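Residue strings, one per chain:
2 protein chains.
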Amino acid sequence: MTSLVGTQRAVRWYPPAYDIRVEDVPIPQILEPDDAIVKIKLGGLCGSDLHIYRGHEDVDAVLTCGHELIGEVVALGSNFHPDAAGRPELYSTLRVGDKVVSPFTVSCGECHFCRVGFTCRCVHSCLFGIPTLPGGQAQYARIPKAGGTLFSLRHLSETHNVDVSRLSDSSLILLADILPTGVFAALQALQHPKLSPMLIGCSYPNSTLIPKGHATEETNSIALLAQDRVLTIAVIGLGPVGVCAAVSLLDMLSRLEAENGIHFHIIGVDPVESRRVKMEAVYSTITRGQGPQQLTVTSIDGAKSLTNKLTNGAGCNAVLEVVGQSNALTLSYELVRPFGLISSVGVHQEPPMPFTGRDLYDKNVSFDFGRCPVRAMFPIALDILLKRQDVFGGVGEPASLIDRIVGFDRAVESYELFDKSRCGKILFDPWI
Amino acid sequence: MTSLVGTQRAVRWYPPAYDIRVEDVPIPQILEPDDAIVKIKLGGLCGSDLHIYRGHEDVDAVLTCGHELIGEVVALGSNFHPDAAGRPELYSTLRVGDKVVSPFTVSCGECHFCRVGFTCRCVHSCLFGIPTLPGGQAQYARIPKAGGTLFSLRHLSETHNVDVSRLSDSSLILLADILPTGVFAALQALQHPKLSPMLIGCSYPNSTLIPKGHATEETNSIALLAQDRVLTIAVIGLGPVGVCAAVSLLDMLSRLEAENGIHFHIIGVDPVESRRVKMEAVYSTITRGQGPQQLTVTSIDGAKSLTNKLTNGAGCNAVLEVVGQSNALTLSYELVRPFGLISSVGVHQEPPMPFTGRDLYDKNVSFDFGRCPVRAMFPIALDILLKRQDVFGGVGEPASLIDRIVGFDRAVESYELFDKSRCGKILFDPWI
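Which chain is which? The protein sequence lines are A and B, in order. Per UniProt numbering, the very first residue in the first sequence carries number 1; after that it's consecutive. Per UniProt numbering, the very first residue in the second sequence carries number 1; after that it's consecutive.
No lab work stands behind these hints, which were simulated from the structure alone. What you are looking at is a predicted structure, and each value in this text was computed from that prediction instead of being measured. A hint or two may mislead.
Copies of the same chain look alike in the list, so a pair counts if it fits in one copy or across any two.
Capping the alpha-carbon separation at 25 Å, the derived lysine to any residue pairs in SDA-like fashion look like this [claimed, not checked]: (1) LYS363 to GLY302; (2) LYS41 to VAL162; (3) LYS363 to GLN325; (4) LYS387 to SER326; (5) LYS304 to ALA84; (6) LYS363 to THR330; (7) LYS363 to GLN293; (8) LYS309 to ASP362; (9) LYS304 to PRO352; (10) LYS304 to HIS112; (11) LYS387 to LEU156; (12) LYS363 to PRO351; (13) LYS387 to PRO144; (14) LYS363 to LYS420; (15) LYS99 to LEU306.
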């Protein structure tokens, strides 16, 4: 086992709020047999880091920031030894020297929740960037349950026909959180049974649970019209995750348009003009200005009238809420149609749900809340990342999700700018 | 067009609360070309009638009670004439003399929401038993949009091989609301994508939206074990709708057990002992005491420990909430596992949702709220009704959902008993 000694540079947050310092801290060590140590190549600054930054997370101890990282495995615990017994297959495929992406939470790869794909609710789940698990804005990080957690690009390229060299490092880090989270938001909506009539052209409940061939199965069949098979989906919040959600929706809906004959329109909502401009730049990069306009951005004030205009007053079939604030849930409810779905991936805090029971009963609203199971979303996210290097590959271009890559000397300034929505997504290179 | 004149007897509610009177009121007339007049054979008293009875529904005008009715069509508006043009097919199949079941809300059968199967959110939707639409606890009722709303048993038996004469009248009225609502509660749970890994043995997201054959589709595959394919589902509230939900679950889960190889357990929760005893009687009637025990009833106090015992502390995969009170939602949250589903068909009122945003984010909870689209659930509900006449066919037996059939002279007393959970479901025969 490689042993790393000495200190490293790390971005640290001090309670109660808005206090970022760059400090020398000990290089992490292997503590458990399932651990890996990763030498970090890039560490991301994410919108949900701002919850801690602003003091909204009830944290009262100093911590090493960040939950997005890519890097190289430089040390492995004893359970990765070829002779180690009793570990799942995932633990035999990770090697020192592997280039890896780390999801923003730990997942063991062997509990019930990992087996069924709910990897963010692994029984060993832990978020990077909290007092008990130092995060990715450092030069090195300890990764618990590394066989289940880390995604090895070397293993991927050896076992699948994927040319990972096409992927820029700054795009790879999108796989740690924001692209899978955008995929998850979109997938929760499009997979929901309440959207299935529009997708397959057969009225609800169109379920495999309905006994086949029973005498009454056709008593309710009413033919859908072409106008019923139009999906209008809003994305509330056009920060980096919101853009990833919109790009994921575009990818999935374009396939459904070609294969299933549906039509669709995406409504992007954000109060910040620079974010709306970014979303439009991303959309024109993807469409190259061709085809009908299938995505429109709007301010909050314009969201309701645009929705009414596009849906004849019915409302959106689904709303993706990627903000994590109570007022975004209220707007989601206002925009969604009866029997519609709100897919909420925003990191919500203490405020109570802004709805009465009657609000929800009277509109037959469905909700899917919560954290993205990154490992389960990896295959789709990687597929979109490979296809969309035009959007995700660059840094600092009008359509780039990554605004800039900076050293830790600019960490304090970067948090301040990001907190005030004065810049896009920032990555830290811990070695410059 | 048949014309009915004179007065009829009807059960009327007076604001603000607890004031039931049996009165003579005018027989309803055809008001619109899509109307039908139904001579009522039986009118039901439903748990959600108690919301109005107790004054919880913000109603300040007198009304004719009830939203469950079966009867015979005695008059039809001009749009049912064979020469009437421009009406959907459903309007050509209804005739004077037809025995009909009326869902508890109006649905036109031709708007977008009706076409896609969300019939309870029809643009003409209206609940029976409100000041502007007199209900089913009367001798006659006017049915708006009757072609879309009413379900003709004569038409069913002529077009499908269903022997409707096997169905007792007291069981037919269950199709007006409570059996479809139970089916809906169960179906929302079993159709949800978060239950699919257990049902099909393939890890989440197992989606048809994942591009076929793309290079990375297997990068996340972890095999499910037999122990992962066990569904534990709680039903909170064992009144008549809760029993219907449990019977629906039993029907669907037994098929999934036989066809897909899953295992399951249902937990029935109710604070009222007589309801738990009824649920147990229904369960033994269905199983005839054979096979393993797959349904256990418990009080509220015992629900958490039973859930923990049956699921090794993980929690229920899904919870069906059929109560409509805030504390039932709180218990649902406590019983459901991370990445689980709460299917809520209870009629909720003014209290706000008893959850913070963080509660829902931290457990990846999904919710489906709202009213049953009865027309869309008819085929499955009728299938279960035909199969389960042993439970649904009788009146006053230990396993019967219908406790008694009474005349309007016992209406005041019946509301009082039902309000205090001192009797089971009551039907009114308006002609005795």
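The hints, checked one at a time:
Proximity of LYS363 to GLY302 under the C-alpha cut-off of 25 Å is restricted to the intra-copy arrangement: shortest distance 22 Å within a copy versus 33 Å between copies. In this homomeric assembly, LYS41 and VAL162 come within 25 Å of each other (Cα to Cα) only inside a single copy, at 21 Å, whereas the closest approach across copies is 69 Å. When the C-alpha separation of LYS363 and GLN325 is checked against a cutoff of 25 Å, the pair qualifies both within a copy, at 21 Å, and between copies, at 17 Å. For a Cα distance limit of 25 Å, the shortest separation of LYS387 from SER326 qualifies neither inside one copy, at 34 Å, nor across copies, at 46 Å.
When the C-alpha separation of LYS304 and ALA84 is checked against a cutoff of 25 Å, the pair qualifies neither within a copy, at 59 Å, nor between copies, at 39 Å. Proximity of LYS363 and THR330 under a CA criterion of 25 Å is satisfied in both settings, with 13 Å inside one chain copy and 21 Å between copies. Taking identical chains as interchangeable, the C-alpha atoms of LYS363 and GLN293 are never at most 25 Å apart, the minima being 29 Å within one chain and 37 Å between chains. For the homomeric pair LYS309 and ASP362, the shortest alpha-carbon distance inside one copy (23 Å) is at most 25 Å, but the shortest distance between copies (36 Å) is not.
In this homomeric assembly, LYS304 and PRO352 come within 25 Å of each other (Cα to Cα) both inside a single copy, at 24 Å, and across copies, at 24 Å. Proximity of LYS304 and HIS112 under a CA criterion of 25 Å is satisfied inter-copy only: 20 Å between copies versus 42 Å inside one chain copy. For the homomeric pair LYS387 and LEU156, the shortest alpha-carbon distance inside one copy (17 Å) is at most 25 Å, but the shortest distance between copies (52 Å) is not. Within a single copy, LYS363 and PRO351 get their C-alpha atoms as close as 22 Å, and across copies as close as 16 Å, so both meet the 25 Å cut-off.
In this homomeric assembly, LYS387 and PRO144 never come within 25 Å of each other (Cα to Cα): the closest approach is 31 Å inside a single copy and 53 Å across copies. In this homomeric assembly, LYS363 and LYS420 never come within 25 Å of each other (Cα to Cα): the closest approach is 36 Å inside a single copy and 30 Å across copies. Proximity of LYS99 and LEU306 under a CA criterion of 25 Å is satisfied in neither setting, with 45 Å inside one chain copy and 46 Å between copies.
Of the hints listed earlier, those the structure fails to meet are numbers 4, 5, 7, 13, 14 and 15, in rising order.
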